[in-house]
Amino acid sequence: MDFKSAKELLALCQQEQCSISEIMRRRECELFETTRDIVNHRMARVLEIMRSSATQPLKSPAKSMGGLIGGEAKKLSEHAGKGKSICGEVLHEAMMYAVAIAETNASMGLIVAAPTAGSAGVVPGLLLSLQNHYKISDDRLVDALFNAGAVGYLAMRNATVAGAVGGCQAEVGVAGAMAACATVELMGGTPEQGLGAGSTVLMNLLGLVCDPIGGLVEYPCQNRNAAGVANALVAAELALSGVQQLIPFDEMLDTMYTVGRGMPLELRETALAGCATTPSACALCGGH
Amino acid sequence: MSYVSVFDVLGPNMIGPSSSHTAGAAAIAFLARKIIAPPIKKVTFILYGSFAKTYRGHGTDRALLGGLMGFGTDDSRIRNSFQIADERGLSYEFKPCTTNVDVHPNTVDICMENAAGQTMTVRGESLGGGKVHIVRINEVEVEFTGQYSTVIVVQKDTPGVVAHITKVLSDNNVNIAFMRLFRESKGQTAYTIVESDGKLPEGISEPLRAGPNVHNVMIIEP
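Protein chains in written order, with numbering that gives the first Met the number 0: chain C, 0 to 287; chain L, 0 to 221.
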């Protein structure tokens, strides 16, 4: 069992009468000649690392290797603790986790690239927040990760997830599409709605450049993980409300890839333009 | 074409901050250490391209040293690898090279010396997403990834050596996935690199080493 596009994935879901996550799990078992128990167990370990990387900086914030970030997640937590959050609980907690994972990553902590290290906060951020607020079991969260994996696989197969090739839209954009699709499945939406939500995120982050200060995975990466979560939540809400997208996922992915390859080299992880070359950034990274 | 696994998407499990500059660096050094007899006493890392420019902020230096000490990409000890190397009596040095730009952006030369005084230099490239390959051993251009069980035979470039290698592998029921021969120049040192499906049988290096004109045999298991 394999699929090469979102269209084929949807046809498989229809034919087998099952979810995206189930198709992805069966694919993994068949192509890699392994068992459900083994892949579920491996994914449970992924979830465990995600959770610990999302919560550690709330207890003990650490300064990043490049010194540009550190302590942001704890500030968000304290802000909400005073009852001052304006985002609503689900989004607030999701962005806090996403920001925390960016901190863990930048301080040489253990994370899961999802699909990259720079965008690692988006998928777990949103899923862990939903788990807390909707009392979702770990088993169902593992399912959601297989769903997210299906979307990320399509991006790796048919486009790119490398900032150096396609800009931040390929990293945080794809991570947001993965999170949105997984969220739709988790909240009871259909496979069509899930991939519609994925398409929406790619659309709304289309053209986002990769311009890290000093070439380091710190800033603006951390902010963009928070933005990725918000975009995913917005897209999932649209899809679950029954809003249909005019552009299917496969076409948005193609477009994202084309836009990415058309970006000037300076805006693809080289730190030669964008945020990286603003006067304030140059002053900060003079030592690197 | 190899399939993309769900764990290539949600993975690798790694010490941050960068799959290419941190996880990939650790993976290259992890492979390199298997190409020289232990224990390694001294190592110099020559960094090129983006590695040379951003290695401190990406922890590339800690990751390389950690990988050389056998730490996997998800091993939290990578963070403290300087201290651990000091405790183990491994001396290390990092030399950024910004003059040679005719290399892949994320390239490192790892020059190792072991307790017996043997030296070995290995060049690796980090390709993104934690994927790496080794492209040079000493002065010879090679190519392998370490994703398969790998046999590296250092030999004299002369007739019969490859026949010996394939006979030993065949006698031990090893199925060859890829096999390539690389050489410095005619009649000099050559490397045969064999990648196989499944784990290699225990003790396979002994009969391989017994062949005439075989200098050394190294085994790398994924």
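The hints are simulated quantities; they were obtained by calculation from the structure and are not laboratory data.
Errors might be hidden in some of the hints.
Listed next, the in silico DMTMM-like pairs over lysine to aspartate or glutamate satisfying Cα-Cα at most 20 Å (straight line) [what the hints assert, rightly or not]:
#1 Lys3(C) to Asp7(L)
#2 Lys155(L) to Glu201(L)
#3 Lys52(L) to Glu15(C)
Residues of chain C clear of chain L, computed beta-carbon distances all greater than 10 Å [unchecked claim]:
#4 Asp1
#5 Arg24
#6 Glu27
#7 Lys74
#8 Thr103
#9 Asn222
On the chain L side, residues computed to face chain C include the following (Cβ under 8 Å) [unchecked claim]:
#10 Ser4
#11 Gly10
#12 Pro11
#13 Asn12
#14 Ile14
#15 Ser17
#16 Gly56
#17 Arg78
#18 Ala84
#19 Gly88
#20 Gly127
#21 Val153
From a predicted model like this one, the values you see are computed outputs, not experimental measurements.
Idealized CB from N, CA, C, for every residue including glycine.
Status of the hints after comparison with the structure:
1. Lys3(C) to Asp7(L): holds, 16 Å
2. Lys155(L) to Glu201(L): violated, 25 Å
3. Lys52(L) to Glu15(C): Distance ~51 Å between Lys52(L) and Glu15(C) Cα, so the pair is violated.
4. Asp1: Non-interface label on Asp1(C) violated, nearest chain L Cβ at 8 Å vs cutoff 10 Å.
5. Arg24: violated, 8 Å
6. Glu27: violated, 5 Å
7. Lys74: holds, 20 Å
8. Thr103: violated, 7 Å
9. Asn222: holds, 15 Å
10. Ser4: holds, 6 Å
11. Gly10: holds, 6 Å
12. Pro11: Pro11(L) check passes; min Cβ-Cβ to chain C is 6 Å, inside 8 Å.
13. Asn12: holds, 5 Å
14. Ile14: Holds. Min distance 5 Å.
15. Ser17: Since chain C brings a Cβ to about 5 Å from Ser17(L), closer than 8 Å, the hint holds.
16. Gly56: OK, holds: Gly56(L) within 8 Å of chain C, min 4 Å.
17. Arg78: holds, 5 Å
18. Ala84: Constraint on Ala84(L) not satisfied, violated at 16 Å.
19. Gly88: Constraint on Gly88(L) not satisfied, violated at 24 Å.
20. Gly127: At 5 Å from the nearest chain C Cβ, Gly127(L) passes the 8 Å test, so the hint holds.
21. Val153: violated, 33 Å
Hints 2, 3, 4, 5, 6, 8, 18, 19, 21, counting from the list given before, are not met by this structure.
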